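Participant: Each chain, written out:
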Amino acid sequence: DGGITQSPKYLFRKEGQNVTLSCEQNLNHDAMYWYRQDPGQGLRLIYYSQIVNDFQKGDIAEGYSVSREKKESFPLTVTSAQKNPTAFYLCASSIAGTGRGNYGYTFGSGTRLTVV
Amino acid sequence: GQNIDQPTEMTATEGAIVQINCTYQTSGFNGLFWYQQHAGEAPTFLSYNVLDGLEEKGRFSSFLSRSKGYSYLLLKELQMKDSASYLCRYKLSFGAGTTVTVRA
Chain A
335 DGGITQSPKY LFRKEGQNVT LSCEQNLNHD AMYWYRQDPG QGLRLIYYSQ IVNDFQKGDI
395 AEGYSVSREK KESFPLTVTS AQKNPTAFYL CASSIAGTGR GNYGYTFGSG TRLTVV
Chain B
4 GQNIDQPTEM TATEGAIVQI NCTYQTSGFN GLFWYQQHAG EAPTFLSYNV LDGLEEKGRF
64 SSFLSRSKGY SYLLLKELQM KDSASYLCRY KLSFGAGTTV TVRA
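Chains as they are written, first to last, in the numbering used here: chain A, 335 to 450; chain B, 4 to 107.
Looking at chain B on its own, in the form it has when it is part of the complex (with noise of 0.2 Å):
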């Protein structure tokens, strides 16, 4: 499979921002999807970018560049509900998920 890989664990305040980085071997054109998962539970579709650039979807943006095999996702404004794993996806892949916690 594909080597994706993220950081481990991020921890922020509360109405703050974080980035979570990805990086993956890119092969053709394929987008890339994110994730967010709560323990225990199956994951939750975030965000998918096919083209190169930014995605704002509510407090939750994500960034793609496909040649340099590179996306991002944003969270602002953060809120305690929000701490959890979040998984970015290429094709069949996964990354191993990078948890998020949120301190009040």
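Chain A extracted, bound-state conformation (with noise of 0.2 Å):
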């Protein structure tokens, strides 16, 4: 079955660390998105990739770093720049970007990143 993976579900950083989430879809979607999630609020686009070998920034884009070298996969950076980095993190994928219309997307099951 085609879906969305993230890896891992729980992820705990210490000050200073940079990490690294793992974004994998078998779906043969064009875009892929990395949202942020704090408690009791929407969801904040950090960076989305509408074509491999190329991606934009979000609103939050600030600490964070992707790379596209594969359709498949969009993993997220949170580098030791983010000072606030506890939050809910979702990937997601669309058949195309927003270049060629409107898409709904395919969620991953996210990953909570703690800082401790």
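These are calculated hints, taken from the structure and not from any lab test. Please read these numbers as outputs of a predicted model, since none were measured by experiment.
Quick list of simulated restraints, FRET-style, between CB atoms:
(1) A:443 x B:61: 22 to 28 Å
(2) A:391 x B:18: 41 to 47 Å
(3) B:10 x A:413: 34 to 40 Å
(4) A:418 x B:41: 20 to 26 Å
Below 20 Å or equal to it, Euclidean Cα-Cα: the simulated SDA-like pairs (lysine to any residue) are:
(5) B:94 x A:385
(6) B:94 x A:437
(7) B:94 x A:393
(8) A:343 x B:43
To give a feel for the contact side, a few chain B residues facing chain A, derived at Cβ under 8 Å:
(9) 46
(10) 90
(11) 97
All C-beta atoms in this analysis are idealised placements derived from N, C-alpha and C, irrespective of residue type, glycine included.
Using the hints, put the two chains back together into the complex; each one sits in its own frame.
Facilitator: Structural data, given as structure tokens:
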């Protein structure tokens, strides 16, 4: 069955550490997205990619980095420059990006990151 | 990103109807999505309105007016399992979500 997989489910980061969150999809979707959700709040866009080897900053990209070397994979690195990284991180994919229309998202199950 | 407004919380009784409004700054003719999110889980798709008007899908209906930048999600015959957060999405942006609590 096709789907989108995020790992790990829970992640603990020490102060000053970089950590990488994995997101893999086998849906043959062109576009992938990373969102952050804080308690009681909606989803805020970190980065998105509409095609391999290309990505754009979202509303809250500072302290994060991404890569899109393969269509299936869109890892997110939370760097030490992100001062308040504790949150629920959601990866999503869609058939195509917003430049070609308006498409529904398939979400991964999320990664809960905690700074210890 | 987009400025998308939803009420923060709503409470209703089992079997009742609740309407969740969503307003946004419209640009172009993109439609609008609604998602349901239970605590600690990823959002799941509920509805997508690409044209103006009402879309009905079982107990859930969604309305869109693109020119007014306005949508609502109507939940009918509320059940306890409908207690969740409901998020509207326009293009890449989400509203903050409306937490619906269903009481017996």
